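Enquirer: All chains, please: the whole structure from these sequences, using the hints.
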Amino acid sequence: MKRRDFLVGLSGVAVISVAGTYFYSIRDIDYDPVIAEPFFLSHIWDNESILDAGKKYLSDASGEKDVQELVKRIVKNNGANGSESIQRINEQIADDFENDQTVLVDGWILSVTEARQCGLYSLIQKT
Amino acid sequence: MHIDARKIPDNSLIEGDVCIVGAGAAGVSIALDWIESGYKVILLEGGGFEYDQKLQDLYRGKSTGQKYYPLHGTRLHYFGGTTGHWAGMCSPFDEIDFMERDWVPESGWPYSRQELDPYYAKAQEALKLGPYEYDLEYWQNKEEDLTPFPLNENIVYPKMWQFSKARFGTVYKEDIINAKPIHLYTHANVVDIVADENIALIKELKIKNHEGKAHTVRANQFILACGAIQNARMLLASNSQVDSGLGNTHDLVGRYFMEHLEIATGQLWLFNSFSDKLYTRWGEPRAELAITKEAQMEHKILNGTLSLTPLAIAKHIIPRMELLQVDDYKKAGELFFGNMDESEEKAKSDNTLHINKAYEFQIRIEQAPNPLSRVTIGNDRDALGVPRIIFNWDLTELDKDSIRKVNWIVGQEMGKANFGRVKLEKYLQDPDDYTWPSGTNAGWHHMGTTRMHNDPKKGVVDEHCQVHGLDNLYVAGSGCYPTSGTSNPTLTLVALSLKLSEHLKSKLKDKEVLIASS
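So the protein lines, in turn, are chains Z and H. Under our numbering, the first residue of the first sequence is numbered 1, with each subsequent residue one higher. Under our numbering, the first residue of the second sequence is numbered 1, with each subsequent residue one higher.
No wet-lab data here; the hints were simulated from the structure. Careful: at least some of the hints might be erroneous.
[Unchecked claim] Restricting the straight-line Cα-Cα distance to at most 25 Å, the calculated cross-link-like pairs of lysine-lysine (PhoX-like) are:
no.: 1; chain 1: H; residue 1: LYS416; chain 2: Z; residue 2: LYS76
no.: 2; chain 1: Z; residue 1: LYS56; chain 2: H; residue 2: LYS405
no.: 3; chain 1: H; residue 1: LYS416; chain 2: Z; residue 2: LYS56
no.: 4; chain 1: H; residue 1: LYS416; chain 2: H; residue 2: LYS405
no.: 5; chain 1: Z; residue 1: LYS56; chain 2: H; residue 2: LYS426
no.: 6; chain 1: H; residue 1: LYS426; chain 2: Z; residue 2: LYS55
no.: 7; chain 1: H; residue 1: LYS128; chain 2: H; residue 2: LYS142
no.: 8; chain 1: H; residue 1: LYS416; chain 2: H; residue 2: LYS300
[As the list claims (entries may be wrong)] In silico negatives: residues of chain Z with every beta carbon more than 10 Å from chain H:
no.: 9; residue: ASN90
no.: 10; residue: ILE109
no.: 11; residue: SER122
In this text the structure is predicted, and so the values were computed from the model without any measurement. Glycine residues also receive a C-beta, built at the ideal position from the N, C-alpha and C atoms.
Expert: This is the structure we're talking about:
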């Protein structure tokens, strides 16, 4: 399953691209790179804004500086593969807001999960 | 009946049953309510029927606190008062505004919103508004496409406003002039309030004008209705019998001045296009995002609402606190609307990605009652010899915390609904930052200064707006508000004035019965 472009089907939505592989494998964790794509934020932000937010989140979040750690925190125990994970992550984002799991990133009130997605996205772009 | 006080013989004695000082929204509403009463009403207006810079100058003063507009510009000194330049936004105060809240110092009115409801309904008529209906459902039944954001209404709900186009100076001029029991005196500026020797009753008022004429006004009952700042000034400046001024035994006159903070607080970016008519139109019933009573109680915040302006326009709007630092306030309208037109024009060429789904939040929030936020009098005097005011607008940490939390709550609700995201303005991002940005606007809404409380140690006036200790002196208007709510003040001040009016009629009738039976 190639996840090069995301959200292509949504008109007027920013298109960002992650590396063109089927799955990423970093150390002992396999994950679908789509989890680095903040679905909701891509409706209002372009690539650069997501990168910026990711960098800012990482600079403030201690212990979340590497891909492995971020992937673990984003997917939790839900598994990292397949399109189902996207749905689960989106639900998790709403749950974050419900449970005060929010962070301020450059003034934006974000779910911690989507902030981590931005962080992961910025790290992937570096690799 | 209209009499120009400049044209009657010097040192005239003017007498009536009731004397109302000030012909703005409060004073005119009360006067209209007395047309059929059978009593003779003296209505004193310091100005004439038109804007006059010389008269506006009487309102000049010195500001010492938080940056404020020139004091002579925020109020209009002629018949019709400040309705001559108001925006007309009306909404009743909320139930919570009347409640004692343990996190809001000195909060709590002597009565509930319910008690004011009948007067709100009458005030709607005085202000030429629609029916006394502020539920969204009512307006949705009359008009399609008034769709609120899909948020949890137990936390964030659409609070409705109606718009009044009533400028009292034009709408009620003929009614007042043609009413035989109403004796309107223009160019009649009160310069002193004189009490009897026991300081228990007001005996007379001294009035003056720029033509050098001085007159005396005697009545059974007196109502000060000159606006929150001027009412306090009059009481403080009437200090020939009591050093601290009239009604000021407990050093409360002038204190607890409140404004509505109206500041850009953040941005809302929606994920998808949404019909925003309910929130963005002007001049017809519309909504702002409000925080429910329960959520305010949970978060211990002040009452505030967020209005929405398309971001493409809002980002070019100059904050009013910067734009309207002008001497001649006739130019204020030109400047304000000029800036709006220019902003709308610039917005047309804005190609920022998704800008059509973005809005600026502007909060309107009550100010926490604060004794240091106050009006005093100084040594400078105006052209008629009345001490000018020193004005100290003072804000508190609760004000800023509440602004931050209101935006945060709305941001969270947008997130829960996955409907959009909110970005806070820089000055709200650090919870330990209690500074205020240069664009900290106020609404030209003057409240407090003669606050209402049944305990004379806690309020200048009682629940009937009678000045404690002075049996025949009343204060009408927003100066009596113990707390300032999130709604624009005029509808409530007219309602409160009509309540006062009814009380006074009943008081006079009772006195007549007493005299007849003795």
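Enquirer: Verify the proposed pairing of LYS416 (chain H) with LYS56 (chain Z), using a straight-line Cα cut of 25 Å.
Expert: It holds: about 23 Å lies between the C-alpha atoms, which stays within 25 Å.
Enquirer: Does LYS142 (chain H) lie within 25 Å of LYS128 (chain H) when you go C-alpha to C-alpha?
Expert: Satisfied, since the Cα-Cα distance of roughly 19 Å is no more than 25 Å.
Enquirer: Examine each Cβ of chain H, and state whether all of them lie more than 10 Å from the Cβ of SER122 (chain Z).
Expert: The assertion about SER122 (chain Z) holds, with a minimum of 18 Å to chain H.
Enquirer: Within a Cα-Cα threshold of 25 Å, do LYS416 (chain H) and LYS76 (chain Z) meet the stated pairing?
Expert: Holds: LYS416 (chain H) and LYS76 (chain Z) sit about 20 Å apart, inside 25 Å.
Enquirer: Looking at ILE109 (chain Z) again, its CB stays over 10 Å from all of chain H?
Expert: Nearest chain H Cβ is 4 Å from ILE109 (chain Z), so the label is violated.
Enquirer: Holds or violated: LYS416 (chain H) and LYS405 (chain H), Cα atoms, limit 25 Å.
Expert: 16 Å, holds
Enquirer: Between LYS416 (chain H) and LYS300 (chain H), is the straight-line Cα distance small enough, at 25 Å or below?
Expert: 21 Å, holds
Enquirer: Per the stated criterion, does the least C-beta distance between ASN90 (chain Z) and chain H lie above 10 Å, as a non-interface residue requires?
Expert: 7 Å, violated
Enquirer: Hey, LYS426 (chain H) versus LYS55 (chain Z), does the alpha-carbon distance stay inside 25 Å?
Expert: OK: LYS426 (chain H) and LYS55 (chain Z) at ~18 Å, within 25 Å.
Enquirer: Take a quick look at whether LYS56 (chain Z) and LYS405 (chain H) sit within 25 Å of each other, Cα to Cα.
Expert: Between LYS56 (chain Z) and LYS405 (chain H) the Cα gap is close to 23 Å, so the pair holds against 25 Å.
Enquirer: Hey, LYS56 (chain Z) versus LYS426 (chain H), does the alpha-carbon distance stay inside 25 Å?
Expert: Holds: LYS56 (chain Z) and LYS426 (chain H) sit about 15 Å apart, inside 25 Å.
Against the hints set out earlier in the document, violations occur for numbers 9 and 10.
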